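Asks: In the order they appear, the protein sequences are chains A and B. If you read the first sequence in our numbering, its first letter stands for residue 1, the second for the next number, and so on. If you read the second sequence in our numbering, its first letter stands for residue 1001, the second for the next number, and so on.
Note that these hints are calculated values from the structure, not bench results. Fair warning: this is a prediction, and the values are worked out from it, not measured in the lab. All C-beta atoms, glycine included, are put in the ideal place defined by N, C-alpha and C. Hints should not be assumed to be uniformly reliable.
[As the list claims (entries may be wrong)] Listed next, the in silico EDC-like pairs over lysine to aspartate or glutamate satisfying Cα-Cα at most 20 Å (straight line):
1) B:K1018 - B:E1085
2) B:K1041 - A:E66
3) B:K1070 - B:E1052
4) B:K1071 - B:D1030
5) B:K1009 - B:D1054
6) A:K49 - B:D1065
7) B:K1041 - B:E1085
8) A:K49 - B:E1069
9) A:K101 - B:E1015
10) B:K1018 - B:E1052
11) A:K101 - B:D1038
12) A:K24 - A:D8
13) A:K49 - B:E1085
14) A:K101 - A:D85
15) B:K1071 - B:E1102
16) A:K101 - B:E1062
17) B:K1009 - B:E1102
18) B:K1022 - B:D1054
19) A:K24 - A:D54
20) A:K24 - A:E66
21) B:K1071 - B:E1085
22) B:K1041 - B:E1069
23) A:K69 - B:D1059
24) A:K101 - B:E1085
25) B:K1083 - B:D1038
26) B:K1083 - B:E1052
27) A:K69 - B:D1054
28) B:K1022 - B:E1062
29) B:K1057 - B:D1038
30) A:K69 - A:D54
[What the hints assert, rightly or not] Chain B is faced by these chain A residues, among others (derived, beta-carbon under 7 Å):
31) G29
32) T30
33) L48
34) F104
35) G105
36) I106
37) G107
38) L111
39) R113
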Amino acid sequence: AQSVTQPDARVTVSEGASLQLRCKYSYFGTPYLFWYVQYPRQGLQLLLKYYPGDPVVQGVNGFEAEFSKSNSSFHLRKASVHWSDWAVYFCAVSKGSAGNKLTFGIGTRVLVRP
Amino acid sequence: GGIITQTPKFLIGQEGQKLTLKCQQNFNHDTMYWYRQDSGKGLRLIYYSITENDLQKGDLSEGYDASREKKSSFSLTVTSAQKNEMAVFLCASSYRTGASYEQYFGPGTRLTVL
């Protein structure tokens, strides 16, 4: 069965500093991977998605992620964090088939210090 | 573009009560989903529907019923609300086939059971 692990429940970062959020997946085969962001009191919004191909994926708002098959990872990065990045970030994996069931990690809450 | 609307935004119920949550989307997506979000547990899939009148159980379907009478709408019923239950229910939709597998989410319904 597929699964996603986000080992950091909470990350605190200073505004302007770099950010990395970790995601490890467990999946037999080639996965489709996603990062979603949830701002306070809102639903989830897609940041970026990985389909088999270039391992580095660019997303919205300066986010990027790198897929590593050898490490079973899909870490999210941003070079310079803005206060508006204060949110919860979810990593998810999918088979990409009809029905497209997503399996989510528990999320990482990012707090931004001024 | 499109939007997913969830009603009500806040739902307060009594123990044992049957409660219904509604979701509408105007993306013309085939597939719709209901997730439950609990603090520290990420999102868990309750039900999904690949097309009108189709229903598929997710990982957390016990205690819930669902209904997909139209392509644009998907309802979820909590069959017997549990005392002190608090959760956010998120509706999502996606295309059934093709390269675009990401799910689009509504803002959520916050449930509190007294």
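Asks: Tell me if G29 (chain A) is really an interface residue toward chain B, meaning its C-beta lies closer than 7 Å to one of theirs.
Replies: Violated, because the Cβ-Cβ distance from G29 (chain A) to chain B comes to roughly 15 Å (cut-off 7 Å).
Asks: Holds or violated: are the alpha carbons of K1071 (chain B) and E1102 (chain B) at most 20 Å from each other?
Replies: Holds, at roughly 18 Å.
Asks: Holds or violated: are the alpha carbons of K101 (chain A) and D85 (chain A) at most 20 Å from each other?
Replies: violated, 27 Å
Asks: Is K69 (chain A) within 20 Å of D54 (chain A), Cα to Cα?
Replies: holds, 12 Å
Asks: Closer than 7 Å between Cβ atoms is the bar; does G105 (chain A) clear it against chain B? Give me holds or violated.
Replies: holds, 6 Å
Asks: Can the restraint linking K1022 (chain B) and E1062 (chain B) be considered satisfied, given a maximum Cα separation of 20 Å?
Replies: At roughly 18 Å apart (the allowed maximum being 20 Å), E1062 (chain B) and K1022 (chain B) satisfy the hint.
Asks: Check whether the Cα positions of K101 (chain A) and D1038 (chain B) lie no farther apart than 20 Å.
Replies: holds, 19 Å
Asks: Keeping to a limit of 20 Å between CA atoms, is the pair of K49 (chain A) and E1085 (chain B) held or broken?
Replies: violated, 33 Å
Asks: Quick one, are K49 (chain A) and E1069 (chain B) close enough, alpha carbons at most 20 Å?
Replies: violated, 31 Å
Asks: Given the hinted pair K1083 (chain B) and E1052 (chain B), is their Cα-Cα distance within 20 Å?
Replies: violated, 33 Å
Asks: Would you mind confirming whether the straight-line C-alpha gap from K24 (chain A) to D8 (chain A) stays at or under 20 Å?
Replies: Distance of about 11 Å is within 20 Å: holds.
Asks: Regarding the pair K1041 (chain B) and E66 (chain A), is the alpha-carbon distance no greater than 20 Å?
Replies: violated, 24 Å
Hints 2, 5, 6, 8, 9, 10, 13, 14, 17, 21, 22, 23, 24, 26, 27, 31, 32, 33, 38 and 39 from the list above are not met by this structure, while the remaining hints are.
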